[in-house]
Amino acid sequence: MSMASSLQTHTHIHTNSNIAAMNATTSAADPKSQLPNLPTLHALPPPPTTPPLFINPSDILSEFSHHDPSIARINNGSFGCCPSSVLSAQHHLQLQWLQQPDHFYFNQLHSRFLHSRNIIKDMINADHVDEVSIVDNATTAVAIVLQNIAWGFAEGRFRPGDAAVMLHYAYGAVKKSVQAYVTRAGGYVIEVPLPFPVDSVDEIVNEFRGALERGKQNGRRVRLAVIDHVTSMPSVVIPVKELVRICREEGVDHVFVDAAHGIGCVNVDMKQIGADFYTSNLHKWFFCPPSVAFLYCRRSAESSDLHHPVVSHEYGHGLPVESAWIGTRDYSAQLVVPNALEFVNTFEGGIDGIKKRNHEAVVEMGEMLVKAWGTHLGCPPEMCSSMVMVGLPACLQISSDQDALKLRTYLREKFCVEVPIYYRAPKDGDIGPVTGYARVSHQVYNKVDDYYKFRDAINQLVHSAFTCASLPN
Amino acid sequence: MEHEDPRNGESTHRSSKKPKISSKFISESEIRVEFSHHHPRVARINNGSFGSCPGLVLEAQRQWQLQFLRQPDAFYFNTLRNGIMASRKIIKDLINADHIDEVSLVDNATTAAAIVLQQIGRCFAEGKFQKNDTVLMLHCAFQAVKKSIQAYVTRAGGFVIEVRLPFPVNSEEEIISEFKRSIAKGKSNGRKIRLAIIDHITSMPSVVIPVKELVRICREEGIEQVFVDAAHAIGSVRVDVKEVGADFYVSNLHKWFFCPPSVAFLYCKKSNISSDVHHPVVSHEYGNGLPTESAWIGTRDYSSQLVVPAVLEFVNRFEGGIDGIMKRNHDQVVKMGKMLAESWGTNLGSPLEMCAAMIMVGLPSRLSLNSEEDAVRLRSHLRGCYDVEVPIFYQVSKHLKEGVRDKDGFITGYVRISHQVYNTLEDYEKLRDAINRLVEDGKTCKMLQIE
Numbered sequence: 001m002s003m004a005s006s007l008q009t010h011t012h013i014h015t016n017s018n019i020a021a022m023n024a025t026t027s028a029a030d031p032k033s034q035l036p037n038l039p040t041l042h043a044l045p046p047p048p049t050t051p052p053l054f055i056n057p058s059d060i061l062s063e064f065s066h067h068d069p070s071i072a073r074i075n076n077g078s079f080g081c082c083p084s085s086v087l088s089a090q091h092h093l094q095l096q097w098l099q100q101p102d103h104f105y106f107n108q109l110h111s112r113f114l115h116s117r118n119i120i121k122d123m124i125n126a127d128h129v130d131e132v133s134i135v136d137n138a139t140t141a142v143a144i145v146l147q148n149i150a151w152g153f154a155e156g157r158f159r160p161g162d163a164a165v166m167l168h169y170a171y172g173a174v175k176k177s178v179q180a181y182v183t184r185a186g187g188y189v190i191e192v193p194l195p196f197p198v199d200s201v202d203e204i205v206n207e208f209r210g211a212l213e214r215g216k217q218n219g220r221r222v223r224l225a226v227i228d229h230v231t232s233m234p235s236v237v238i239p240v241k242e243l244v245r246i247c248r249e250e251g252v253d254h255v256f257v258d259a260a261h262g263i264g265c266v267n268v269d270m271k272q273i274g275a276d277f278y279t280s281n282l283h284k285w286f287f288c289p290p291s292v293a294f295l296y297c298r299r300s301a302e303s304s305d306l307h308h309p310v311v312s313h314e315y316g317h318g319l320p321v322e323s324a325w326i327g328t329r330d331y332s333a334q335l336v337v338p339n340a341l342e343f344v345n346t347f348e349g350g351i352d353g354i355k356k357r358n359h360e361a362v363v364e365m366g367e368m369l370v371k372a373w374g375t376h377l378g379c380p381p382e383m384c385s386s387m388v389m390v391g392l393p394a395c396l397q398i399s400s401d402q403d404a405l406k407l408r409t410y411l412r413e414k415f416c417v418e419v420p421i422y423y424r425a426p427k428d429g430d431i432g433p434v435t436g437y438a439r440v441s442h443q444v445y446n447k448v449d450d451y452y453k454f455r456d457a458i459n460q461l462v463h464s465a466f467t468c469a470s471l472p473n
Numbered sequence: 001m002e003h004e005d006p007r008n009g010e011s012t013h014r015s016s017k018k019p020k021i022s023s024k025f026i027s028e029s030e031i032r033v034e035f036s037h038h039h040p041r042v043a044r045i046n047n048g049s050f051g052s053c054p055g056l057v058l059e060a061q062r063q064w065q066l067q068f069l070r071q072p073d074a075f076y077f078n079t080l081r082n083g084i085m086a087s088r089k090i091i092k093d094l095i096n097a098d099h100i101d102e103v104s105l106v107d108n109a110t111t112a113a114a115i116v117l118q119q120i121g122r123c124f125a126e127g128k129f130q131k132n133d134t135v136l137m138l139h140c141a142f143q144a145v146k147k148s149i150q151a152y153v154t155r156a157g158g159f160v161i162e163v164r165l166p167f168p169v170n171s172e173e174e175i176i177s178e179f180k181r182s183i184a185k186g187k188s189n190g191r192k193i194r195l196a197i198i199d200h201i202t203s204m205p206s207v208v209i210p211v212k213e214l215v216r217i218c219r220e221e222g223i224e225q226v227f228v229d230a231a232h233a234i235g236s237v238r239v240d241v242k243e244v245g246a247d248f249y250v251s252n253l254h255k256w257f258f259c260p261p262s263v264a265f266l267y268c269k270k271s272n273i274s275s276d277v278h279h280p281v282v283s284h285e286y287g288n289g290l291p292t293e294s295a296w297i298g299t300r301d302y303s304s305q306l307v308v309p310a311v312l313e314f315v316n317r318f319e320g321g322i323d324g325i326m327k328r329n330h331d332q333v334v335k336m337g338k339m340l341a342e343s344w345g346t347n348l349g350s351p352l353e354m355c356a357a358m359i360m361v362g363l364p365s366r367l368s369l370n371s372e373e374d375a376v377r378l379r380s381h382l383r384g385c386y387d388v389e390v391p392i393f394y395q396v397s398k399h400l401k402e403g404v405r406d407k408d409g410f411i412t413g414y415v416r417i418s419h420q421v422y423n424t425l426e427d428y429e430k431l432r433d434a435i436n437r438l439v440e441d442g443k444t445c446k447m448l449q450i451e
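Residue numbers (the working numbering), protein chains in the order written: chain A, 1 to 473; chain B, 1 to 451.
Among these hints, one or two may not hold up.
What the hints assert, rightly or not - So these bits of chain B aren't anywhere near chain A, every CB distance computed over 12 angstroms:
id : residue
1  : Ser27
2  : Ile31
3  : Lys89
4  : Ala151
5  : Glu172
6  : Glu173
7  : Ala184
8  : Arg216
9  : Glu313
10 : Lys327
11 : Ala434
12 : Asn436
13 : Thr444
Unchecked claim - Derived contacts from chain A toward chain B, CB cut-off under 8 angstroms, selection only:
id : residue
14 : Thr139
15 : Ala143
16 : Asp330
17 : Gln460
What the hints assert, rightly or not - Which stretches of chain A does chain B cover? Using the computed rule of at least three CB atoms under 8 angstroms from a CB of chain B, they are:
id : segment
18 : 306-313
19 : 432-444
20 : 464-471
If you're looking for bench data, these hints aren't it; they were derived computationally from the structure. As the structure is a prediction and not an experimental result, all values here were calculated from the model. Beta carbons are placed, not taken as given, at the ideal position from N, Cα and C, and that holds for glycine.
Using the sequences and the accompanying hints, generate a full structural model.
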């Protein structure tokens with residue numbers, strides 16, 4: 001469906017009976033798109049008595065009117081976004097705390113946390129709300145899981161040299177965390193090299209198998225595999241279900257899926273994916289304010305030994321409870337998950353509808369750009385989520401990570417385009433290769449003009465024979 | 001304007017910003033406006049637990065938040081680091097640290113404790129410390145800190161000694177001698193004491209501890225690392241980290257220094273150890289020093305760490321700045337404490353010079369507060385039925401013969417009252433009358449209804 005017709009869907013007015021039918025039945029495409037029940041906390045308004053219209057483009061504009069209007073904001077992947085109605089709800093909670101913090105602490109905090117967790121549990125198809133903890137972000141979730149691995153080494157359950165496997169394209173912060181908690185504790189780290197550009201999931205699966213074999217050499221045990229659901233840079237959707245299955249076959253102790261870009265970007269079904277640990281940010285693609293993420297821990301002997309590294313009164317009462325109090329702080333971002341869900345459900349098809357339309361729009365825009373520039377996408381459309389890697393013209397001569405960053409800054413400052421750039425080093429045998437890719441995002445607030453602005457900016461650079469070498473340090 | 005009062009400290013390490021040009025100090029009605037978001041009916045005499053933040057600072061915070069939401073990438077690349085640096089610089093000057101590298105901003109004292117203790121845990125795991133090497137802490141250390149010690153020290157094989165301080169306390173000497181006694185006991189059996197954790201102001205019961213002296217004793221006794229948990233310090237007592245002389249010193253800025261929830265500073269004296277402390281939430285900046293690590297621990301709202309300049313402006317609208325505020329809070333809380341003790345026929349928990357902006361006041365024995373549950377019950381009842389917010393401490397009475405009595409029996413419960421700039425006489429009268437009412441009605445804690 002093109003962007004033009006998807007816009008029409010946003011404005012399409014359903015009759016009462018259609019809406020009731022949609023509420024009652026599941027979509028043929030995805031059984032998980034069933035609209036969940038509205039929250040029932042006493043503090044929230046009662047459900048509307050007449051079925052609401054779906055949100056229309058001018059409502060969306062107003063929900064994101066706090067975004068800088070002069071910027072083509074095609075980088076939802078980095079920091080996400082939050083609509084005003086959710087920001088309002090957050091502000092309201094902040095005021096409640098400030099008004100009488102003791103009362104909020106004793107009488108509100110716990111039940112509101114539980115409510116957020118229950119919503120997440122339903123969305124991700126977890127068995128039990130005890131499996132769902134709320135933390136600040138995926139970075140925190142990673143520290144929690146890796147600290148547990150470090151204890152495994154320190155307490156002799158793991159032998160020095162036992163391995164942890166991660167993708168070469170694992171997020172920079174995750175790599176550092178692995179260094180801090182695994183390497184430092186005596187673990188051996190194996191990185192799975194992944195091709196980029198990538199042509200099929202098979203390439204990824206084969207490399208992963210190879211890495212696991214290396215991991216098991218010399219009698220090593222592979223204690224942990226960290227697998228991105230959607231890599232960050234370059235961004236590609238990884239066949240996690242398949243990789244988790246391989247891990248089980250090969251006797252990997254624990255599988256941790258880092259799905260920072262999970263909810264709202266890909267299908268997030270815990271039982272289907274089958275990992276031991278799974279984390280996703282909710283401020284990236286689920287419209288929560290900065291910042292909030294969930295960490296799912298499948299119930300097992302190990303999961304009872306996971307702890308939040310900031311230890312407070314609730315230590316030992318289970319990770320969900322520990323994470324709900326890590327000292328005095330502003331927890332409001334973590335308590336507005338119900339409001340984010342309400343917002344999401346003003347769109348046709350809820351989060352699945354949004355996801356589908358984002359994906360289709362970003363692919364369409366990606367293809368528009370590669371056609372305009374004579375380049376190519378970094379992976380097939382079915383391996384993209386709501387982000388796509390678009391090759392930049394080789395004549396720009398992006399020849400280092402530093403060039404990529406400088407070009408990004410230049411695009412921001414001179415052209416008001418916000419988009420992250422990835423430097424892909426040429427390999428032997430490459431002829432006239434594309435060395436730079438833009439990671440283009442699409443979220444509900446984006447317009448076709450955002451991408452035209454980017455297209456035109458690059459075209460202008462090309463026509464003026466611009467190269468990255470001309471950029472100051 | 002400058003007094004010789006040693007509590008004011010030296011002007012070189014006081015506020016780095018000049019006060020506003022207006023010679024008029026903030027008025028009572030302006031203060032009311034700044035705190036108009038507080039619940040109007042509640043006698044909020046518990047600033048110690050969750051602190052407070054004036055409207056002006058909240059507005060500054062909101063501007064930072066909007067800036068991020070408007071264009072987060074530009075904020076991340078161009079604004080955030082400088083903003084945090086500006087806050088750190090102000091703190092460095094306030095606390096008399098030598099170098100800005102010694103000052104990190106973290107969420108709260110709980111996080112700082114995890115940072116210091118995780119480092120201790122690693123020392124055990126990596127064989128730098130031996131099994132049963134010891135960590136010393138106060139018995140009344142904050143519960144979260146005790147749990148952190150359990151999580152990182154006990155679990156790693158360390159041994160923990162608790163120093164039981166007397167309460168009520170009559171002099172600093174009592175604390176110092178008990179501390180010395182515990183160290184001696186700790187070192188018997190040839191144990192090495194690797195870390196001492198000392199509160200600057202204990203939480204419950206609340207008493208100002210002579211930290212400088214205790215740190216000195218620690219050094220004499222060869223204790224390797226000293227961590228001062230000063231969660232309540234900045235904005236209620238003078239903070240001079242060089243004078244105190246600890247290796248680590250943490251204080252919350254949202255309790256008594258008017259920052260929004262939540263932000264604290266962790267001071268780490270430059271040394272071999274300080275280069276090996278890390279924020280437990282590891283991100284891109286791992287290995288670049290704790291201040292830099294803490295300034296980016298993943299996408300989050302850092303706005304509470306950016307408003308320190310706005311807080312300084314607020315504080316300088318008061319006569320005497322933060323020193324003036326501290327002095328007046330102390331004088332008022334002492335006055336109110338005496339008023340309550342006199343009305344109830346009870347006592348204060350410590351001498352006046354061992355309190356800052358909080359004071360422990362004995363509750364009438366007739367309330368029969370005989371357990372933690374009774375304390376919780378009474379606190380909830382005061383909140384629900386009298387609109388009074390005040391934490392209650394239950395004193396386990398071990399030595400009945402030595403206990404403090406009022407005319408009816410042993411005093412086993414204390415309220416911890418706070419005074420901050422927004423408090424009024426009515427707040428404390430409300431508490432006074434509520435307790436008197438309960439006593440007149442013959443109520444005991446166990447009889448109280450909870451809302």
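**Report entry** Beyond 12 angstroms from each Cβ of chain A, as asserted for arginine 216(B)
**Finding:** holds (29 angstroms)
Report task. Measuring Cβ to Cβ, find out whether alanine 151(B) lies farther than 12 angstroms from everything in chain A. Result -> violated (4 angstroms)
Query raised in the report: Are all C-beta atoms of chain A more than 12 angstroms from that of isoleucine 31(B)?
Result: holds (16 angstroms)
Report task. Mind taking a look at whether chain B covers the segment 306-313 of chain A? Criterion is 3 or more residues with CB to CB distance under 8 angstroms. Result -> holds (count 6)
Query raised in the report: Is the nearest Cβ of chain A still more than 12 angstroms from the Cβ of lysine 327(B)?
Result: holds (26 angstroms)
Requested in this report: For the hint on alanine 143(A), just tell me whether its beta-carbon gets within less than 8 angstroms of chain B.
Outcome: Status holds, d = 5 angstroms.
Query raised in the report: Any Cβ of chain A at or closer than 12 angstroms to alanine 184(B), or is the non-interface label fine?
Result: About 29 angstroms separates alanine 184(B) from the closest Cβ of chain A, which puts it past 12 angstroms; holds.
**Report entry** glutamate 172(B) remote from chain A - nearest C-beta pair above 12 angstroms
**Finding:** holds (29 angstroms)
Requested in this report: Check, residue by residue, whether the segment 432-444 of chain A contains three or more positions whose beta-carbon lies closer than 8 angstroms to a beta-carbon of chain B, and give the verdict.
Outcome: Contact hint for the segment 432-444 of chain A vs chain B: violated, 0 residues under 8 angstroms.
**Report entry** Assertion that glutamate 313(B) lies outside the chain A interface [Cβ separation over 12 angstroms]
**Finding:** holds (19 angstroms)
**Report entry** Closest CB of chain A to the CB of serine 27(B) still more than 12 angstroms away
**Finding:** holds (22 angstroms)
Query - Least C-beta distance from threonine 444(B) to chain A larger than 12 angstroms - result: holds (22 angstroms)
Taken one by one, the earlier hints fail for this structure at numbers 4, 17, 19, 20, listed in ascending order.
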